[in-house]
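The sequence shown begins at 1 in my numbering and counts up by one.
Read the hints as simulated data drawn from the structure, not as lab findings.
There could be a bad hint or two in this list.
Stated by the list, open to error - Capping the alpha-carbon separation at 30 Å, the derived lysine-lysine pairs in DSS-like fashion look like this:
id: 1; residue 1: Lys59; residue 2: Lys107
id: 2; residue 1: Lys59; residue 2: Lys101
id: 3; residue 1: Lys107; residue 2: Lys132
id: 4; residue 1: Lys132; residue 2: Lys90
id: 5; residue 1: Lys107; residue 2: Lys90
id: 6; residue 1: Lys101; residue 2: Lys90
id: 7; residue 1: Lys132; residue 2: Lys101
Said to hold, decoys possible - Here are the in silico distance ranges between beta carbons for each label pair:
id: 8; residue 1: Gln104; residue 2: Arg58; range: 21 to 29 Å
id: 9; residue 1: Glu15; residue 2: Lys107; range: 31 to 39 Å
id: 10; residue 1: Arg111; residue 2: His136; range: 28 to 36 Å
id: 11; residue 1: Leu115; residue 2: Leu88; range: 52 to 60 Å
id: 12; residue 1: Met126; residue 2: Val82; range: 39 to 47 Å
A virtual CB, placed ideally from N, CA and C, is assigned to each residue, including glycine.
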Amino acid sequence: MEFITREDFYTHMYEGVINAIEDDNEDALTEAIDTAIGEACGYIARFDLDAILTSSDRKTYANLRTYLKDLAKWHFINICNVATDLTLAKERYDDAIARLKDIQSGKVTPRGWALPEEANNAGAFMVTSNPKRNNHF
Numbered sequence: 001m002e003f004i005t006r007e008d009f010y011t012h013m014y015e016g017v018i019n020a021i022e023d024d025n026e027d028a029l030t031e032a033i034d035t036a037i038g039e040a041c042g043y044i045a046r047f048d049l050d051a052i053l054t055s056s057d058r059k060t061y062a063n064l065r066t067y068l069k070d071l072a073k074w075h076f077i078n079i080c081n082v083a084t085d086l087t088l089a090k091e092r093y094d095d096a097i098a099r100l101k102d103i104q105s106g107k108v109t110p111r112g113w114a115l116p117e118e119a120n121n122a123g124a125f126m127v128t129s130n131p132k133r134n135n136h137f
């Protein structure tokens, strides 16, 4: 089962617009979705991606599906932007990347997302330092 199907994508673009952009190349949308998944996987690599991407649980990963559709739409409309608001698409793309970066940094931990079974419980590695002191004599 695919993580995002063509029918799932209808929440982001009308079927007629998708058909117009594809221009008889039905692999174009699939390639855009695959590109989006590959891009997002770089940000969420600490999770069990095999379990997530093969899961049939639509509720737990609903936000990830939305982020992936935003990324895929941006890659898909590069072919042709028929009846598409580029500004909105770019904003949604940037927002999706920002949310994925928050997940990557540990600022946001999505509830229910599968972690690898061999994961150590040490958490994400993070380096910080004390604030710079300003001593004035």
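Consistency of the hints with the structure:
1. Lys59 to Lys107: holds (21 Å)
2. Lys59 to Lys101: holds (21 Å)
3. Lys107 to Lys132: Given pair Lys107, Lys132 holds - Cα atoms ~23 Å apart, limit 30 Å.
4. Lys132 to Lys90: Violated, at roughly 37 Å.
5. Lys107 to Lys90: Holds - the C-alpha atoms of Lys90 and Lys107 are around 23 Å apart, at most 30 Å.
6. Lys101 to Lys90: This hinted pair holds, its Cα atoms lying about 16 Å apart.
7. Lys132 to Lys101: holds (26 Å)
8. Gln104 to Arg58: 21 to 29 Å: 23 Å Cβ-Cβ, so the 21 to 29 Å window holds.
9. Glu15 to Lys107: 31 to 39 Å: Hint holds: Cβ distance 36 Å, inside 31 to 39 Å.
10. Arg111 to His136: 28 to 36 Å: violated (47 Å)
11. Leu115 to Leu88: 52 to 60 Å: violated (34 Å)
12. Met126 to Val82: 39 to 47 Å: Holds - the Cβ-Cβ distance for Met126 and Val82, about 44 Å, lies within 39 to 47 Å.
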